[in-house]
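So the sequence lines, in the order shown, correspond to chains A and B.
Just so we're aligned, residue 355 is where the first sequence starts under our numbering, counting upward by one.
Just so we're aligned, residue 81 is where the second sequence starts under our numbering, counting upward by one.
Calculated from the structure, these hints are not laboratory results.
There may be inaccurate statements among the hints.
Result set (DSSO-like, lysine-lysine): computed pairs, CA atoms no more than 30 Å apart in a straight line [stated by the list, open to error]:
1) A/K464 <-> B/K275
2) B/K275 <-> A/K618
3) B/K216 <-> A/K483
4) B/K176 <-> A/K643
5) A/K549 <-> B/K135
6) B/K176 <-> A/K454
7) B/K219 <-> A/K549
8) B/K275 <-> A/K549
9) A/K368 <-> B/K275
10) A/K512 <-> A/K549
11) B/K156 <-> A/K566
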Amino acid sequence: MEKEVRLKTEPTNKNVYVLFGWEAVEARPNLDPYTSTLRMHEETRQVYTTDVHIKHHTRRGMKAAAAGKYGREKSAIFYEKRDDQGEARSFKERLDEVRKQFGITENNEKDAYVHCLDLPLFGYVHAVKDENFNAVNAVNTLFRPATFHGCQILSLGKNNAFPGEGKESSGSAATDVLEYGFFLALWEINLEVLKQNAKEHKIVSWEKEGAKGWIELFINGLWKAYTDERYTSATQRSQFANFILAWEPDGEIEATNPRTLIHKLEKPDIENSVEARGALKRLLPGFLKHWGYTSALAEKNADQYLKA
Amino acid sequence: MRILTLKLEGEIAFWRDFEDSVGNLTCLGPAPTHLLGIIGACFGWSSTNRRHNQKGQARWPYAEELVKWVAANKPKVAARLMNRPRRSAMSVNGLKNAADLEPTRIQQTVLENPEYQIAVSIEDDHAMKELSSALKSPKFRICMGSQFCPAFISDISESSADSEENWATTAQTIGGDSTPLTVLDLKTPTNRLHKIGYWNYLPDRAARLSDALVPAYYAD
Numbered sequence: 355m356e357k358e359v360r361l362k363t364e365p366t367n368k369n370v371y372v373l374f375g376w377e378a379v380e381a382r383p384n385l386d387p388y389t390s391t392l393r394m395h396e397e398t399r400q401v402y403t404t405d406v407h408i409k410h411h412t413r414r415g416m417k418a419a420a421a422g423k424y425g426r427e428k429s430a431i432f433y434e435k436r437d438d439q440g441e442a443r444s445f446k447e448r449l450d451e452v453r454k455q456f457g458i459t460e461n462n463e464k465d466a467y468v469h470c471l472d473l474p475l476f477g478y479v480h481a482v483k484d485e486n487f488n489a490v491n492a493v494n495t496l497f498r499p500a501t502f503h504g505c506q507i508l509s510l511g512k513n514n515a516f517p518g519e520g521k522e523s524s525g526s527a528a529t530d531v532l533e534y535g536f537f538l539a540l541w542e543i544n545l546e547v548l549k550q551n552a553k554e555h556k557i558v559s560w561e562k563e564g565a566k567g568w569i570e571l572f573i574n575g576l577w578k579a580y581t582d583e584r585y586t587s588a589t590q591r592s593q594f595a596n597f598i599l600a601w602e603p604d605g606e607i608e609a610t611n612p613r614t615l616i617h618k619l620e621k622p623d624i625e626n627s628v629e630a631r632g633a634l635k636r637l638l639p640g641f642l643k644h645w646g647y648t649s650a651l652a653e654k655n656a657d658q659y660l661k662a
Numbered sequence: 081m082r083i084l085t086l087k088l089e090g091e092i093a094f095w096r097d098f099e100d101s102v103g104n105l106t107c108l109g110p111a112p113t114h115l116l117g118i119i120g121a122c123f124g125w126s127s128t129n130r131r132h133n134q135k136g137q138a139r140w141p142y143a144e145e146l147v148k149w150v151a152a153n154k155p156k157v158a159a160r161l162m163n164r165p166r167r168s169a170m171s172v173n174g175l176k177n178a179a180d181l182e183p184t185r186i187q188q189t190v191l192e193n194p195e196y197q198i199a200v201s202i203e204d205d206h207a208m209k210e211l212s213s214a215l216k217s218p219k220f221r222i223c224m225g226s227q228f229c230p231a232f233i234s235d236i237s238e239s240s241a242d243s244e245e246n247w248a249t250t251a252q253t254i255g256g257d258s259t260p261l262t263v264l265d266l267k268t269p270t271n272r273l274h275k276i277g278y279w280n281y282l283p284d285r286a287a288r289l290s291d292a293l294v295p296a297y298y299a300d
């Protein structure tokens, strides 16, 4: 079991930034659902994912992180694709489940909002007639998470295990596979929105835990999603957290996309972890200055990159 | 007339087409209503965690402070493209709708690396100073059309009404790549917005900024 990440102090700035780095080896992260191909910037061969994708996985990790702290019975994520039996649920069914889980007998429109852990962070639409309200995201990726380098894409053949109905041969197919990629996701947490969203929460008390409790939940959830709570799908299991760093910006920021670090590489393509980590040791201190970094609010494995 | 201009940019933009029944395609640039939303976010006027569909209100009303600000200051706005962003497909796995959590694939397009110059004109000097300072240090993260498109503001300065650039031009009829010119409806409280024509972000010739500015509200 990995040790939890803790914030050194309660943040006081308007925003907190989180930079998360993870590696993918022979992986197919976040395929386009229509084409079933990797998302890639054609001109630089940088592979990217979407905010929807990384938030989906973070939700799963947050549920695991919260279970250790608040107990499994108090750790609910509202937006889960399917229930424990693998079935999709309607909004009403999900809402009823949440009420049952928390023993709520007198229904209130805020029931899910004040009990589920993902809603104050990633937003919510309460779609019930005459009760409608919404909460905006307090946590966002500022850019699409992407490799900071060009990638080699392999076309790998795969044999199917069994033939389809009415067919003699099981057949085969070729898929594109990311041979190696080091992804960077830069997040912004707006503390005013977080406070507005979380101030009435019943599980993570704003009064007792403040922004610190919520940010720790988010960071540990994100970390877990890429370590000991990795999803077992073929597209997700070969991805691993490398570092995470949170800070409060000091002074003006220069909004630089981590993806543009490719322009500072001696050669744009990187093929393995050793090359990637070596490049980040050179590049990250300068990059973080653009985002007002002076000291870590919390970190895990980031120390290696912070010595200029 | 005092005019403030600023640069608005980000990695992607998704200016949902008001007139597209599916709503998965992006226009080339923001409408005045988008720009008012950005101004509201800079000031920190929140509409989070508030009820919608209330009797006598629009279905998804603006933050009350924003409506008051528009009514008091009668802002005019103009916008222009500073580059030629290309569209790309960014389809994702999502939910059919908020009331039905059945998973589905969502097909949508976004603009890649768009950059705009935006102009805002208001008469009151004090209100102009307040606006300038809010734009310099936005309270909330501003976005280009949707929350998955965070954006950044820079190069805030006062501009001359005579400056000639490729400002979006107004037309009453739709053309290729037109952006529905939607403004905040101050007249009817149950309406969120009012369409007064179309903005063309690809004009044939440069226009004076004073000619390009349009009221960001409807009150007639």
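Each hint, compared with the structure:
1. A/K464 <-> B/K275: 34 Å, violated
2. B/K275 <-> A/K618: Not OK: B/K275 and A/K618 at ~46 Å, beyond 30 Å, violated.
3. B/K216 <-> A/K483: This hinted pair is violated, its Cα atoms lying about 39 Å apart.
4. B/K176 <-> A/K643: Distance of about 41 Å is beyond 30 Å: violated.
5. A/K549 <-> B/K135: 28 Å, holds
6. B/K176 <-> A/K454: Holds, because 25 Å separates the two Cα atoms, which is no more than 30 Å.
7. B/K219 <-> A/K549: 13 Å, holds
8. B/K275 <-> A/K549: Violated, at roughly 35 Å.
9. A/K368 <-> B/K275: 36 Å, violated
10. A/K512 <-> A/K549: 49 Å, violated
11. B/K156 <-> A/K566: Since the Cα atoms of B/K156 and A/K566 sit roughly 41 Å apart, the hinted pair is violated (cutoff 30 Å).
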